[in-house]
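Participant: First to last, the sequence lines map onto chains A and B.
Taking our numbering, I'd label the letters of the first sequence as residues 1 to 187.
Taking our numbering, I'd label the letters of the second sequence as residues 1 to 187.
Bear in mind the hints are in silico, worked out from the structure with no lab data behind them.
Do not rely on the hints blindly, as some may be mistaken.
Since the list gives no way to pick one copy over another, a pair counts as held whenever it fits inside one copy or between any two copies.
As the list claims (entries may be wrong) - The calculated EDC-like cross-link candidates involving lysine to aspartate or glutamate, where the alpha carbons are at most 20 angstroms apart (straight line), are:
#1 K102 / D17
#2 K180 / E122
#3 K133 / D169
#4 K149 / D169
#5 K149 / E43
#6 K58 / E43
#7 K48 / D136
#8 K180 / E146
#9 K140 / E64
#10 K149 / D173
#11 K184 / D173
There are 2 protein chains.
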Amino acid sequence: MKTSKAKIVSKPKSARDRILLTASDLFYREGIRATGVDRLIAESGVTKTTFYRHFPSKNSLVVEFLESRHQELIRSFESALENNGGTVNAIFPIVEEWFHSKRFRGCAFINSLGELGTVLPEVVRITQAHKRKMADIIEKLLPPSEQSKQNAMAIMLAIDGAIIQTQYDGTPDNALNLLKRIVKSLS
Amino acid sequence: MKTSKAKIVSKPKSARDRILLTASDLFYREGIRATGVDRLIAESGVTKTTFYRHFPSKNSLVVEFLESRHQELIRSFESALENNGGTVNAIFPIVEEWFHSKRFRGCAFINSLGELGTVLPEVVRITQAHKRKMADIIEKLLPPSEQSKQNAMAIMLAIDGAIIQTQYDGTPDNALNLLKRIVKSLS
DNA sequence: GCCGAAGTAGACAGACTTGTCTACATTAAT
DNA sequence: ATTAATGTAGACAAGTCTGTCTACTTCGGC
Numbered sequence: 001m002k003t004s005k006a007k008i009v010s011k012p013k014s015a016r017d018r019i020l021l022t023a024s025d026l027f028y029r030e031g032i033r034a035t036g037v038d039r040l041i042a043e044s045g046v047t048k049t050t051f052y053r054h055f056p057s058k059n060s061l062v063v064e065f066l067e068s069r070h071q072e073l074i075r076s077f078e079s080a081l082e083n084n085g086g087t088v089n090a091i092f093p094i095v096e097e098w099f100h101s102k103r104f105r106g107c108a109f110i111n112s113l114g115e116l117g118t119v120l121p122e123v124v125r126i127t128q129a130h131k132r133k134m135a136d137i138i139e140k141l142l143p144p145s146e147q148s149k150q151n152a153m154a155i156m157l158a159i160d161g162a163i164i165q166t167q168y169d170g171t172p173d174n175a176l177n178l179l180k181r182i183v184k185s186l187s
Numbered sequence: 001m002k003t004s005k006a007k008i009v010s011k012p013k014s015a016r017d018r019i020l021l022t023a024s025d026l027f028y029r030e031g032i033r034a035t036g037v038d039r040l041i042a043e044s045g046v047t048k049t050t051f052y053r054h055f056p057s058k059n060s061l062v063v064e065f066l067e068s069r070h071q072e073l074i075r076s077f078e079s080a081l082e083n084n085g086g087t088v089n090a091i092f093p094i095v096e097e098w099f100h101s102k103r104f105r106g107c108a109f110i111n112s113l114g115e116l117g118t119v120l121p122e123v124v125r126i127t128q129a130h131k132r133k134m135a136d137i138i139e140k141l142l143p144p145s146e147q148s149k150q151n152a153m154a155i156m157l158a159i160d161g162a163i164i165q166t167q168y169d170g171t172p173d174n175a176l177n178l179l180k181r182i183v184k185s186l187s
C-alpha cells in the first residue's frame, strides 16, 4: 500500500477512474477554472495522451464530473434518508454532517453555475436535473397531498438557501436551525 | 449623443467610471473569469495604461465591482421597499421584477463565490457583508421581537434559495410563490 | 502659457491554458 | 506468441491571460 509523499493518487483503478476522482476532488475544493488540465494530469498520474483519450476536452470532463456527482449524491442521499428513518426530519442530520465537514465548500452544482453557467449550458441542465431529482426524493418523505410537489420544492429551495448562507457566513448551525424552522413551518 | 454601432460605451464619465461600468456589465452578464482585461479595455474605451492606473490588478477591479454593487443594491433596495409600503410584503414586487428581468443571471455575489471564493477571500467577505446588511434591512420591516433577527435571516436564506432555483430552473413565478409561502409561514 | 495629471497607442513579456502529436512500452485477451 | 488496447514520456503549438513599459498627446488647474 503506497502512501507516497507526493500528491499522486495511489493507483487502485483505471486511468479513467483516477482522472475522474482527481477532478472531483480538485474541481470541488479549488474550483473548476482554477484547476488546469496539467494539474489534473500530474495528480492523477496519467499522461496527456491518456487524459485526452478518455476525455476529449476539459469541458467533457467537467460534464462527467457533474453527472457522476449527481448520481453519487442521489444514491447516498437516498441511502442516508432511509437509515435516518425515512421522514422529512431525516434530512437534517445529513445536512448537518455535510455543513460541518471540513471539506464543505457549498454545492458543486451551484458553484458551477457561477463559474460556467454562461459558457457551458450543460452545467445548467445537470444542475436542474439534480435539484429536481432531489426534490422528487424529498417529496417521497412527505405525506401525499396536492401540495407535496410544491412543498418538496420549497424544502429544496430552503436547503439551497442554507447552503449559500453557510458558505458566506460560516455559521452552519445557524443556517441549519433556520432550515429546520422553515421546513417545520411548511408542515 | 453618440449611439455608435461598436460596443464602445459612450463616454459620459471619467475613465475610471467607464471601466467600472463596463466591468459591472460584463462581469455580471458573462462571468468574471470569462471576461479578460483586454475585453474590458476595448469596451470601456481606455488604454491599458489607464486601466492599470486606476486598478492595480484585475482582482482589485473585481473587489471594487462587488463593493460598488453592494452599495448600489442596498440603496435601491431600501428605496424600493419604502416605495412599496415598507412592510415585509414590499419585498415581493422587487424580487418579482428582478426575476423577470431579461438580464437576470442570479446573484452576482453568489456567482462570485462559485467563481472566485477559493482564490479571492475578499469575495466571501463582501458577500457576507452584503447579505447581512440586506438581512438588517429586512429586519426593519418586521415587527420587533426577540426573533426578528433570526426571522430576517430566514427570509434572506429563502430569497437566496429562490434566486438559485430561478437560475437553474428558469421558473421565476414558481420560485417567487415558494418564497412568498415561506415568508408567510414564518410570520 | 506652464506644468502636472490623465490619457492614448501599442509593443512586449512571461506564464498559463487547452489541445495535438510522435515514438515507444506495457497490459490484456486470444 | 501475437495483436489490439491501453498507457508512458514529453515536445510542440497557438491562443489567452495579466501585467509592464515607452513615447507621446490632451486636459485641467493655476
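Participant: Now look at each hint and say whether the structure bears it out.
Facilitator: Hint by hint, here is what the structure shows:
1. In this homomeric assembly, K102 and D17 never come within 20 angstroms of each other (Cα to Cα): the closest approach is 24 angstroms inside a single copy and 41 angstroms across copies.
2. Taking CA atoms no more than 20 angstroms apart as the test, K180 paired with E122 passes in neither setting, with 32 angstroms inside one copy and 30 angstroms between copies.
3. Taking the shortest Cα distances, K133 and D169 sit within 20 angstroms of each other only across copies (12 angstroms), while inside one copy they are farther apart (27 angstroms).
4. Within a single copy, K149 and D169 get their C-alpha atoms only as close as 30 angstroms, which misses the 20 angstroms cut-off; across copies the closest is 15 angstroms, which meets it.
5. Proximity of K149 and E43 under a CA criterion of 20 angstroms is satisfied in neither setting, with 43 angstroms inside one chain copy and 46 angstroms between copies.
6. Taking the shortest Cα distances, K58 and E43 sit within 20 angstroms of each other inside one copy (15 angstroms), while across copies they are farther apart (29 angstroms).
7. With identical chains, the CA atoms of K48 and D136 are never at most 20 angstroms apart, being 40 angstroms at best within one copy and 52 angstroms at best between copies.
8. In this homomeric assembly, K180 and E146 come within 20 angstroms of each other (Cα to Cα) only across copies, at 18 angstroms, whereas the closest approach inside a single copy is 22 angstroms.
9. Taking identical chains as interchangeable, the C-alpha atoms of K140 and E64 are never at most 20 angstroms apart, the minima being 28 angstroms within one chain and 46 angstroms between chains.
10. In this assembly of identical chains, the alpha carbons of K149 and D173 lie at most 20 angstroms apart only when taken from different copies (15 angstroms versus 27 angstroms within one copy).
11. Within a single copy, K184 and D173 get their C-alpha atoms as close as 16 angstroms, which meets the 20 angstroms cut-off; across copies the closest is 23 angstroms, which misses it.
Violated hints for the displayed structure, listed by number in ascending order: 1, 2, 5, 7 and 9.
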